[in-house]
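S.K.: If you want the building blocks of each chain, they are given just below.
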Amino acid sequence: MSATTLPAVAAPRSRPGLLRRFRRYPLPSIGAILLLALVVSALAAPWIAPHDPFEMNVVDRLVPPGADYTFGTDAYGRDIFSRTLHGGRVSLFIGVSVAIASTAIGLLIGVVAGYFRMADAILMRVMDGLMAIPGILLAIALMSLTRASIWVVIVAITIPEVPRVVRLVRAVVLTVREQVYIEAATAIGTRFPRLMWRHILPNTVAPLIVQATYIAASAVLVESYLSFLGVGTPPEVPSWGNIIAEGRLYVQIAFWNILFPSIFLALMVLSINVLGDGLRDMLDPRLARRL
Amino acid sequence: MTEQPILALEGLRTEFATGQGAPVVAVNDLSLTLKRGETLCIVGESGCGKSLTALSILRLLPRPYGRIGGGRVLLEGRDLAQATDAEMRQIRGRAISMIFQEPMTSLNPVLTIGRQIAETVMVHEGLDWTACMGRALEMLRQVRIPEPERRLHEYPHQLSGGMRQRVMIAMALACRPRVLLADEPTTALDVTIQAQILDLVRDLQAETGAAVILITHDLGVVAEMADRVLVMYAGHKVEEGSVEEIFDAPAHPYTQGLMQAMPHLGSGEHRSRLNEIAGVVPALNARPPGCSFAPRCGLATDRCRQEMPPLTGLGGTHMAACWAAGGSQA
Amino acid sequence: MGSYIARRILATLPVLGVVAVIVFLLLRLSPGDPAAIIAGDHATADDIAQIRRELGLDRPLLEQFILWLGQLLSGDFGNSIYLDRPVLGLIAERVEPTLALSLTTMAFAILLAIPAGVVAAWRAGSWVDQAFMALSVLAFSVPVFLIGYGLVMGLSLGLDILPVQGFVSLWDDPLGFAAHLVLPTVALGLVYTALLARITRATMLETLNEDFIRTARAKGLAEPRVLILHALKNASVPIVTTIGTGIALLIGGVVVTESVFAIPGIGRLTIDAVLQRDYPVIQGVILVIAGIYVFVNLAIDLTYSLLDPRIRY
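Chains as they are written, first to last, in full-length UniProt numbering: chain E, 1 to 291; chain Z, 1 to 330; chain F, 1 to 313.
Check each hint, because a few of them may be wrong.
[Unchecked claim] Straight-line alpha carbon distances no greater than 20 Å define the calculated SDA-like cross-link-like pairs of lysine to any residue that follow:
1) F/LYS233 with F/LEU302
2) F/LYS233 with Z/THR105
3) F/LYS233 with Z/TYR155
4) F/LYS233 with Z/GLN158
5) F/LYS233 with Z/THR112
Rather than coming from a laboratory, the hints here were simulated on the basis of the structure.
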C-alpha cells in the first residue's frame, strides 16, 4: 500500500517451538492454560468436589466462605464450590455442543449456498431474517416451545449462531470457486465432492476453528443468561446460570452465591475468547482485520 | 560557494530498531548540501534508502521502529534532528514540503481537494477559512488545473492521476516552501503526463526560488531536471557531482551500470531494459563487510569485498566511493 | 439517489418477510401441540380445543399464515392470552425504559469506545494499546449480571447516591430518570464498548498505514487533526456498520440488564410472556425488535454516502 519502498529486511521470522510461541503469544497461551485448568476441574468434578452438589443441609444455610465450605453454601445448605465445579461440566458440554452443531450445520448450509446458485438466494434470505432477530431473544423464544432440557438449550443457542457460520463458509466457497476456475479451465469439470475435499474444506478449516471458538464462548455466556432469566437449563441442573439465578434472591446477604460461579463463568468465557483471538492471529490474519 | 546552503545533511544515519540486537542501518553517513533554487537528484534502485533520506529530513520515518541514529539535518544552519515535534510541525509543509510517488493514494479520499490544500495554509499561516480557500484556488490555477473553481469542491477519486499529482504539487507549494522534496513524483504516471508534471515543477521552482531534491530511478528525468546528482547504493552515497560530471564521466561502476540500463533517448526503445544490472540490492541486515556493490560488480577485487571504499574527490565537485575509480584518477 | 433509497427499502421486505415466516413457524412447528402448551398442565380437552379454535390452529398452515400476515399488516398483532389485551399496546407501555436504556448505552459506548480505539491504534503495540485490548476482551467475557451486581453491591455498601433498582419515567422525574439509568448503562455498556473499540482499533490501524496519512503529517498537521479528521473519517464506515449490527448484541444484553436492575421494559415483558407461554406477546416482541433492527441498519446504510464520497448510489 505504501509508496515508499522500504528497504527489504530479511526479517528473522518466528521459528516454531513451544516456548517461543508462548513468548510471541503470551495472552493466548495464558488463555489456553487457564482453559485447560477449568476443563480439568470440570471433568474431575465428581472426584475433587468436597461435597455432593445436590446434598441439602438445613443447618448450614447461607454459610459464608470458610474452612468448611470454601465458597460458602446456598439457601438450601448446598456447597457452592461443589456446585460450581459441577456447573463447569454443564457449561463446557453446552459450549462444545453448540460450537460443533452450529459449525456443522453452518458448514453444510454454507457449502450448499455457495455452490448452488438456486439455493443461494433463498438460503441467504433466511439467514438474513435469522440475523435480524437478536440471538438471545430468538433463543428465549425457542425455549418457550417445549419443556426445558439441556438439549433444548443447545438447540435454542445453536440456531441463532448458524447464520454467521453460513456467511463465513459461503464467502470461502465463492472465493475458492473463483480461484480454482482461474487456476485451471479443467476445474470446471471437477466433480463437486472432489472440489469440496480438495479445495473448499481445507480453506474453511482455519476460519471455522476460530469461529467455533468464539461461538463456544458465546454459548457458555448465553446459557448462563437463559438460566439466569429462568428460561434456560432446568432448575434442578447445577449450571452456573442456575446457581446464580437462585443466588440472586440472597445477593444482599450472601453475595458468594453469585460471586464464585460468576467468576468461574467469566474466566471460562475469557479464556476461550483469548484463545480464539490467539488462534485467529496465528491461523487467519485476514480474519483478524474483520474483528 | 560562500552562500550558506539552505539544507545540508551531515553524516545522516537512519536506522530501524529490531526486536533483538543492533538496529539495521538504512541510510549510512550521508552528507549533502542544497543551495537556494538548486535541483539535486538522488538516484538509485529501490531499496537504496532514497525515500528514507527524504522522510528523515522531515522526520516522518515509519513509527515506531524508524529513527535518526546520528548526524545532523541542517535547515539554514538549524539542526532538525534535535528539533521538538512541535517545531517539526511548523517546518513540515511550510519550510519543507514533500510530494509522494502515488498520487492515487496520497490524497485523502473523503476530503475535498480545496479543503486539503486550504488546511495546510490554515495551519501554517493562520488565515481565516475563506482566505485559505482563496489560496487553494490560486494554487490550482498555478498548477494549471482546468476549471479550478469546480475542482476545488471535488474529491480525489473524481480526478485523473496526473491531475491528482498537480493537486499534490499545489498542496506542497501552497505555503511557498524553501525546499521541495519530490519522491518519484512521475513514476506512477503516463509518459506524456510525466513530462508535463516535470515542466510544471521546473516552472514553479523558477517562480518561487525553491530548492528541489528530486528522488528518481530514471536517469532520463535526471538529465532533464538536475543541477547536481547524488547516486545512492544500499544506504551509502557512492557518487556525487554536477549533472555534466556524472553523465560525461560516471566513475562508480554502479553509476555506469545505471547509465547502460538507461534506454537511449530517441532510440525508440524507451521501455526495453537492455543491460540491466544483474542481481539485487542486498537486504539491510545482510550487507557485505566491504563495498556493498561488490557482489554485483564486474570489477570487484578482494579488497572491495573486505574494505569499504571512502569517498574520494575526482576533481571539481565530482567524488565517488570506489577503489577502482580512485585508482584510475590517481 | 432517490431510486437507490427506494431499492434499499424494497430489499428489506424479503428480510422482514422471512422474519414473519420464522416467527409464524416458531409456534406451529414446535414439538407438541401448541394449544396444549398454551393451555397449561391443568387444562381439559375442551379448553385445548377452544384455544385451538381461537388461534385458528385448526385451519391449514398456509391459510393460517395469510390470515395472520393480513392482521399484522393492518397493525393487529393479536391479543395477549394471559392479559387479554392487544400485544402492541403492551409493547408500547414497556418501550420507554428499554429505548432509554438502549440509547444511553449506545451513547456511553460510542463516547468511550471510539477514543479508546483511536488511541490504541495510534499507539499500536504500546502498553496503552495492550491494556485497552485486554480490557476489551475482559468486557466481552464478563457476564452482564456480574458487572451489574458488582456495581449494585459496591454502591449499596457505602454510597447512597444512585438508585440500584427500578425505573422512573422521564416525564415524571427527569433527574430520577437519569439516576436510575446510570448503573444499568455502565453494566450493559461495557460489552458494546468492547465491540466498538475493537472494530475502531482495527479499521484505524489499517487507515493509519495509508499514504494520505503520511501526506497529512508531511503538511505539518498536528496529530489530533490527523487522527480525527483524516483517519477517523476514513475509518467511519465499518465503525458505523458495527454500531448498527451490534444492536443485536445490545438487545440481548438489555433483556438481562432489565432483569438485574428490575426495570419494567420489553425484556421483562418477554420473559414474563415466555414463562406464561403467552405466544402472541413473544411473537409481537420479536417482530417489533427485528423490524427496528432492520430499519436502523437500513438508515445506517443510507448514511454511508455522507461519510464517504466514493460511495455513490
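S.K.: Would you mind marking each hint as holding or not holding in the structure?
M.R.: Hints, one by one, checked against the model:
1. A threshold of 20 Å between alpha carbons decides the hint, and for F/LYS233 with F/LEU302 the separation of about 16 Å falls inside it, so the pair holds.
2. As the CA atoms of F/LYS233 and Z/THR105 are separated by approximately 16 Å, the hinted pair is consistent with the 20 Å bound.
3. Annotation: proposed proximity of F/LYS233 to Z/TYR155 holds, straight-line Cα distance about 14 Å (limit 20 Å).
4. For the proposed pair F/LYS233 and Z/GLN158, the alpha carbon gap of about 19 Å is at most 20 Å, so the pair holds.
5. Only pairs whose Cα atoms come within 20 Å are accepted, and F/LYS233 paired with Z/THR112 is accepted, the gap being roughly 13 Å.
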